[in-house]
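There are 2 protein chains.
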Amino acid sequence: MPHTIAIDCMGGDHGPSVTVPAALSFLRDHPQARVIFVGQEALIRPLLASADALSGRYRIQHASEVVAMDESPAMALKSKKDSSMRVAANLVKAGDASACVSAGNTGALMAISRFVLKMLPGIDRPAICSVLPTVSGHVYMLDLGANVDCEAEHLLQFGIMGAMLAAALEHRERPRVGLLNIGSEDIKGNKVVKDAAELLQNSGLNFIGNVEGDGVYKGHADVVVCDGFVGNVALKISEGIAQMLGQFLKQEFGRTLLTRLAALAALKVLRNFKGRVDPRAYNGASLLGLKGICVKSHGSADIFAFGQAIDRAYEAASNNVPERIAVKLAELQREQEQQGGEPHTTEEKV
Amino acid sequence: MPHTIAIDCMGGDHGPSVTVPAALSFLRDHPQARVIFVGQEALIRPLLASADALSGRYRIQHASEVVAMDESPAMALKSKKDSSMRVAANLVKAGDASACVSAGNTGALMAISRFVLKMLPGIDRPAICSVLPTVSGHVYMLDLGANVDCEAEHLLQFGIMGAMLAAALEHRERPRVGLLNIGSEDIKGNKVVKDAAELLQNSGLNFIGNVEGDGVYKGHADVVVCDGFVGNVALKISEGIAQMLGQFLKQEFGRTLLTRLAALAALKVLRNFKGRVDPRAYNGASLLGLKGICVKSHGSADIFAFGQAIDRAYEAASNNVPERIAVKLAELQREQEQQGGEPHTTEEKV
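Chains as they are written, first to last, in our numbering: chain R, 1 to 350; chain D, 1 to 350.
Pulled out of the complex, with its shape left as it was, chain R reads as follows (with noise of 0.2 Å):
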């Protein structure tokens, strides 16, 4: 099926000179898909010039007003109307796109989404939802950074809404969500996180208990659910010793002549190795729980790591994302309103 896809060029660190060619290259690789391009016309138009062989898959909406990085969600909520993140919502929210793609300010983004888009019912605020590499393949964690004040029940609804994520696109029935905690132990842990373990065990997910934070990357868990506080620190903990590791190995080999010699000999692994551990393939979270489809792109996004943002969204639009993860949860309410009728069959259900 088709699918329109709303991009706010005028978000993230670049703006249009990132946002436009991504989007381009995103319409070549998909003869399918469609784009709208919303922001500035004045600044979109120009690097369209050499598009014309797909002018017939876009079109440009223009939105007068842009959302800074550093402005508050709230006045970007009130005061910004006519912003390009406020449209692209609006697009997805009127049915003119399927999902919305924004490299613009994290915290805007939510509250903009949450109040055009509005949540799932049971769902009180967006997760945000990330794929990061493992040994084995690749692993959703959930959520990075929008709630820090979980109760377990969040940590459950988290639980769904990754599955299903998981599940719509790696097209894999029942992914296996496991839950951060220090240790592997049910013993383990605070109490929230004890408690959310009794609710993902009776969810009828495919729960398989504590992951440890080694666990994440050794692949323990096709999703790990956590609340946003830890699960932010773990993701910037990730790429701060990413860095630094990458740092030491870039001294190392600049050392002396003989090192750098070795690094040339070493060149092409040494790509390899960077391309494989690149962090901008995996640029691209998921606002989860909304109705409709919102992905947030990094800030510093650059050509290539946007175009990997589009990509999810439009892979989310393609597999009903939002459509699972309500069925999902409208089940699982049913479930817990007849109380005491049937037995749990887990092996039933996604």
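Among the hints, erroneous ones may be present.
[To be verified] Straight-line Cα separation of at most 27 Å, DSS-like style, residue types lysine-lysine; simulated pairs:
1. D/K188 - R/K191
2. D/K218 - D/K274
3. D/K81 - R/K188
4. R/K218 - R/K191
5. D/K188 - R/K118
6. R/K250 - D/K268
7. R/K274 - D/K250
8. D/K78 - R/K188
9. D/K274 - R/K274
10. D/K194 - D/K218
11. D/K274 - R/K78
12. D/K274 - R/K218
13. D/K188 - R/K81
14. D/K191 - R/K188
15. D/K218 - D/K188
16. R/K194 - D/K191
17. D/K218 - R/K218
18. R/K268 - D/K268
19. R/K81 - R/K291
20. R/K268 - D/K274
21. R/K118 - R/K78
22. R/K118 - R/K80
23. D/K118 - R/K188
24. D/K250 - R/K218
25. R/K191 - D/K250
26. R/K274 - D/K268
27. R/K250 - R/K274
28. R/K194 - D/K194
29. D/K194 - R/K188
FYI, nobody ran anything at the bench for these hints, they're computed from the structure.
For this one, chain R is given, so just place chain D on it according to the hints.
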């Protein structure tokens, strides 16, 4: 001043075959130091055969029992009164040793050290503090898993204990103390963290505010404070990603004959790199808040790694870490009692 270290020879995955040679090597490196080998004499004695030159500086203290790595802390505390771990702690309590080191069961070591050595006034449980590498040096991070449900007051205590440890071991008058958070702005984070920031601000410590996950490895602070759940996840996530990156690098260098030749050319560089991020060099976590020094080694430590843990214990003993923490805690308590008294002049305090 000559210090005596009590070594729990039986703890860890390898027992005396690692702990005894590590302690002998420590004695060779520290001509003033003494060691008490605690554990089953029949297993320890044969390993000392070639150490006659050092025999004036060590003795064996027989302990008939061993705490198993998977034993419940409560059982270890209650039923094994002659365990090597317990006897080592008793030696510190009695003043026969200045510190004890164990590679045994963490939970049991915490329970035993807390029971035998007792906590400093105003501290409820030991906090686990480790040193981690940063781009510019290293950082002390705590708590790494002992306290999973923390209140703001606990985070303040961690700040004090970590700062006193860093001040003592780094000979740094006012180490920079940061609070692990999900943004650098004051408004970020959950309630506990926000309240802790206020307490740390008024603590007289050199509190630099929030530090994000990536800031830990960027060396933004000398001491990073967090609750034990977050800290444990952060530590293990770091281990996980570092292992994954190492594995990817190895795979890339092992791919073809050509890449293996490149690895040969780069051998020295890769070795230097590996040495620089060798987790063994950072082995030895301090259990802070006790009225005595207790260092926990990783269970899988080899001779080199266990030696690092002994070194840390010796350094802590040489620099009176528990006394420093007690003094600072008492100072803060006096100030709290004198609320409304003299104005706060943070500059004069460590």
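Taking the hints in turn, this is what the structure says about them:
1. D/K188 - R/K191: holds, 23 Å
2. D/K218 - D/K274: Distance of about 19 Å is within 27 Å: holds.
3. D/K81 - R/K188: Given pair D/K81, R/K188 holds - Cα atoms ~26 Å apart, limit 27 Å.
4. R/K218 - R/K191: This hinted pair holds, its Cα atoms lying about 26 Å apart.
5. D/K188 - R/K118: holds, 24 Å
6. R/K250 - D/K268: Holds, because 14 Å separates the two Cα atoms, which is no more than 27 Å.
7. R/K274 - D/K250: OK: R/K274 and D/K250 at ~13 Å, within 27 Å.
8. D/K78 - R/K188: holds, 21 Å
9. D/K274 - R/K274: Holds. D/K274 to R/K274 sits at ~17 Å (cutoff 27 Å).
10. D/K194 - D/K218: holds, 23 Å
11. D/K274 - R/K78: violated, 52 Å
12. D/K274 - R/K218: With a Cα-Cα distance of about 20 Å, the restraint between D/K274 and R/K218 holds, given a limit of 27 Å.
13. D/K188 - R/K81: holds, 26 Å
14. D/K191 - R/K188: Holds: D/K191 and R/K188 sit about 23 Å apart, inside 27 Å.
15. D/K218 - D/K188: Distance ~20 Å between D/K218 and D/K188 Cα, so the pair holds.
16. R/K194 - D/K191: holds, 21 Å
17. D/K218 - R/K218: holds, 24 Å
18. R/K268 - D/K268: With Cα atoms ~18 Å apart, R/K268 and D/K268 stay inside 27 Å; holds.
19. R/K81 - R/K291: holds, 20 Å
20. R/K268 - D/K274: Within the cut-off at roughly 20 Å; holds.
21. R/K118 - R/K78: Answer holds: R/K118 to R/K78 is near 16 Å, not above 27 Å.
22. R/K118 - R/K80: holds, 18 Å
23. D/K118 - R/K188: Between D/K118 and R/K188 the Cα gap is close to 24 Å, so the pair holds against 27 Å.
24. D/K250 - R/K218: holds, 16 Å
25. R/K191 - D/K250: Given that 27 Å is the threshold and the Cα spacing comes to 40 Å, the pair is violated.
26. R/K274 - D/K268: Since the Cα atoms of R/K274 and D/K268 sit roughly 20 Å apart, the hinted pair holds (cutoff 27 Å).
27. R/K250 - R/K274: Roughly 12 Å between the alpha carbons, so the hint for R/K250 and R/K274 holds.
28. R/K194 - D/K194: holds, 24 Å
29. D/K194 - R/K188: holds, 26 Å
In this structure, the hints that do not hold are numbers 11 and 25, in rising order.
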